[in-house]
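Model the full structure from these sequences, guided by the hints.
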Amino acid sequence: MEDSAVRGRRREGGEHSRRREDGQPGRSLEEISKTVWLTPENAAFAGRGGLLHMTLEGKETRVILCREFPFDCPWEYISVLDDEHRELGIIRRTADFGDEARRLLEDELRRRYYAPEILHILSVKERYGFSYWRVTTAEGEVRFTLHDTYRSIQRVESARIVFSDVNGNRFEIPDLERLDARSRRRLELYL
Amino acid sequence: MLELDRIPDWAGEQLKTVGADVGDFQLAVRCDRARDQSPGEVFLLADAGTLYIADRAGQTPERYPLSGLSGLRVEEQRSTGRLLADRDGEPVLLACFTNFCKEPVLTFVRYLRRLAEGDPVEPDPRDLPGARCCPRCGMPYPDRDRRVCPHCMEKGKLYRRMAGFFARYRASLALILVSLVVLTAMSILTPYFSKGFFYDEVIDGAGPFYGQILLVLGLVVSTRLLKMLATMVNNWIASSVAAKMIYELKKTIFRSIERLSLSFFSGRQTGGLMTQINEDANTIYEFFCDRLPYLVVNVVQVIVLAVLLALIQPLLALLTLITVPFFFLMMRWVYRREKKLHARRFSGSRQLNSLLSDVLSGMRVVKAFSRERQEIARFSVRSETLAESDRRLSLFHNWAGHLSGILLYLGTIISWGVGGWMVMTGYGGLTYGELMTFIAYMGMIYSPLHFFSDLMNRSADCANAMQRLFEIMDAQPDVCEPEHPAQIPALGGGVEFDDVSFSYVKGKRVIEHVSFSVPEGGVLGIVGHTGAGKSTLVNLLMRLYDPEEGEIRVGGIPVRELSFADLHRNIAIVSQETYLFMGTILDNIRYARPDAGYEEVIEASRCAGAHEFIMKLPDAYHTRIGFGYQDLSGGERQRISIARAILKDPKILILDEATAAMDTGTERKIQEALTRLTRGKTTIMIAHRLSTLRDADALVVIEHGRVAERGTHRELLAHEDGIYHRLYTLQMEALRSAGIVE
Chain A
1 MEDSAVRGRR REGGEHSRRR EDGQPGRSLE EISKTVWLTP ENAAFAGRGG
51 LLHMTLEGKE TRVILCREFP FDCPWEYISV LDDEHRELGI IRRTADFGDE
101 ARRLLEDELR RRYYAPEILH ILSVKERYGF SYWRVTTAEG EVRFTLHDTY
151 RSIQRVESAR IVFSDVNGNR FEIPDLERLD ARSRRRLELY L
Chain B
1 MLELDRIPDW AGEQLKTVGA DVGDFQLAVR CDRARDQSPG EVFLLADAGT
51 LYIADRAGQT PERYPLSGLS GLRVEEQRST GRLLADRDGE PVLLACFTNF
101 CKEPVLTFVR YLRRLAEGDP VEPDPRDLPG ARCCPRCGMP YPDRDRRVCP
151 HCMEKGKLYR RMAGFFARYR ASLALILVSL VVLTAMSILT PYFSKGFFYD
201 EVIDGAGPFY GQILLVLGLV VSTRLLKMLA TMVNNWIASS VAAKMIYELK
251 KTIFRSIERL SLSFFSGRQT GGLMTQINED ANTIYEFFCD RLPYLVVNVV
301 QVIVLAVLLA LIQPLLALLT LITVPFFFLM MRWVYRREKK LHARRFSGSR
351 QLNSLLSDVL SGMRVVKAFS RERQEIARFS VRSETLAESD RRLSLFHNWA
401 GHLSGILLYL GTIISWGVGG WMVMTGYGGL TYGELMTFIA YMGMIYSPLH
451 FFSDLMNRSA DCANAMQRLF EIMDAQPDVC EPEHPAQIPA LGGGVEFDDV
501 SFSYVKGKRV IEHVSFSVPE GGVLGIVGHT GAGKSTLVNL LMRLYDPEEG
551 EIRVGGIPVR ELSFADLHRN IAIVSQETYL FMGTILDNIR YARPDAGYEE
601 VIEASRCAGA HEFIMKLPDA YHTRIGFGYQ DLSGGERQRI SIARAILKDP
651 KILILDEATA AMDTGTERKI QEALTRLTRG KTTIMIAHRL STLRDADALV
701 VIEHGRVAER GTHRELLAHE DGIYHRLYTL QMEALRSAGI VE
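Those protein sequences? They're chains A and B, same order as listed. So for the first sequence, our numbering puts the first residue at 1; every next one is plus one. So for the second sequence, our numbering puts the first residue at 1; every next one is plus one.
Straight-line distance between alpha carbons at most 25 Å, and here's what the computed DSS-like set of lysine-lysine pairs gives:
1) A/125 / B/155
2) A/125 / B/340
3) B/157 / A/125
4) B/155 / B/340
5) A/125 / B/339
Far from chain A by the CB rule (all over 12 Å, computed), these chain B residues:
6) 219
7) 580
8) 648
No lab work stands behind these hints: they were computed from the structure. C-beta: ideal position from N, C-alpha, C; glycine also.
Okay, here's the thing in structure tokens:
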């Protein structure tokens, strides 16, 4: 009896299954939980006006790409979602696709996961629980503000640092070891 | 016109080329990315009928008639966003921006939608660019709801505000100050009597008080006694005032927190909030009461000592005080270094503690997956890190202590050497007794100096703590009690939702145009997927949040016009998650009505089917439950919460997934208790298991925050391609495949 309750709940619970279930009455449990792997054979990509479109089983839709493991696998396990965030399928590796499709996919991912690399930390000023940062990136000088500095700076791996500012912008230091000594000293206090 | 960002000249020039004039525009906003998301500058402008997009790198602006655009939306990427719309059924990308521009762009889109519907732009003052940026430095306020720019905030203002809080303890603080002054005076006098006066005037043959050792003894003893008295008075006042002050401070903070709406907590990390408050209260108290009074004393002491030293022998004073600037420099450096080491130690201990509490509360899972060894390894790594940072901190502390000791000693050595030479040669008329006094004063000047450098550091911590405190005190509750609540002796039990819309985060509607009503004594079932917005409806009815649009009425009266007490007296919730407070079972059952008598409590528990198991507990109704005490099962907790609701005897009852986590046997028992409870009351039932809703008078199916279907169980089931029908079949199928049919 308890088992039935669990199964019944699983069927309609969970954000993901709910979304996939939507608008497609009659899909059974097996169909819902089956992963669709996207390959060059079943899926084709095209860019139009800065938006990515995918043709799957003869149907074209505008799609959004999402990394499933954004910190380890930038080009692997890419979830392809439609406008309403329903998953259409997963790409195992962007490298599986031909040059042009691969470039389209990777450009789209780069745009979506935009996080400028911090080259130097020019100054850090702490004021009442906020910290004001002045840094340089490839695009020039940037200023951003962190609230609750310790929590806003995440150490992803031992040498990789991710900043999330008050506006929701992300900045990255891919390799702490490569950062100049002065910048590192400014940052060190918060790690 | 709402110019969210100032229209630059280049955009004006571009607009002229298509015959548009800057003066005609109603809306303008800047985006910091080109459409391919490369850095750039793009302006979005709108007049009554057209959206113009001007790219600084381009020549002529693009034009989009608003009538041809539908579904304007901002798609949030991780740290950037895109403005999209549909044109001829196809999505088009209009603009890209980083999150620096997100707020203004969202505001722009909100007004643009209205503009497309033909409403002219009448800017809300809160949306004006001046309302989101600090007028002094031009930077946006980090917290939008609070117009405070930490970047430009004056420290003095913070302290003045805080000082106002302590003002009522003026008299006690003044007494503390007086006792401290006496204390300092006595400490300064003591070396004079026991050193200079003693050597030069008493034991020296030429001294006017030669041979009067008893006099010296009397003086020394009486200064000591006076000093002791002052210390006692000081400690006595300080400790009695301290407890009161810290209590008041914490009470104020807690009161300001309780007053806030739930949205304040959902927008912040509440986890550490309470510990933070406790620490902050201590930091503030320590600074104001343990440090600040000493500031006055120490300033006086340093000045007096410096004057005394100079009076004894100016040249010697100058020579020995040379070390002071070095001392300050060193203390600054030591503080910075120590802060870093402390921060590391703190983060180490925080990580260790979080791992510990994580593993201890997840012990069942750890054991079930036999991960004990890995957890031990994880623990020892963190424990080692902590030990290492501890070691480094204490090493440094030790080392820094010696270093400042040497510096201190240097001053003394100079006075010994130079002073000794002066006494021997008779240079400047320095006597042996004066030298001894000098050296004693020399030693006394360093402790206030030490205090000053420490005070500077602490004032920074205190300012942070005060800022956090004021942040909470200044926050405005979103949900306010009416000033003149409607006076209703007996509130009716009918509930009406009239075209209610609501969103937790601006722009993301969770509830859209929901209407339904339950007559007094009626039973309404609410069905829907997880996340459809069912519990939000309950939150709105309880006024934990206020709807953005529409109205909720209880007994025909809008909830906004009722006092919280009246509203909450009439509603009780039994939910899946039952929170029991630390305390006895009796206290927990009586939480809603602390004045309920013993008999009523027994009656309610019996009704809820809880009496039986309560009597099996060692201390019956006086059994302590909660963290670290007697552990109750889910069903038992549930029954206690039902007893709580029965005791409250409300007009309206909300059952939010009340039986979802129960096994069938328990569920049946609880269902019985619930049936007894709901008799004659207006009931709103939210349930996953549709079978429990069969008896409801009416059902409402919520999907994506809207009412998708409504009717009785029978009516909805008859509708074969409806959501309810599908859910019901799915659940029946699940039961059948498990070999059970209800």
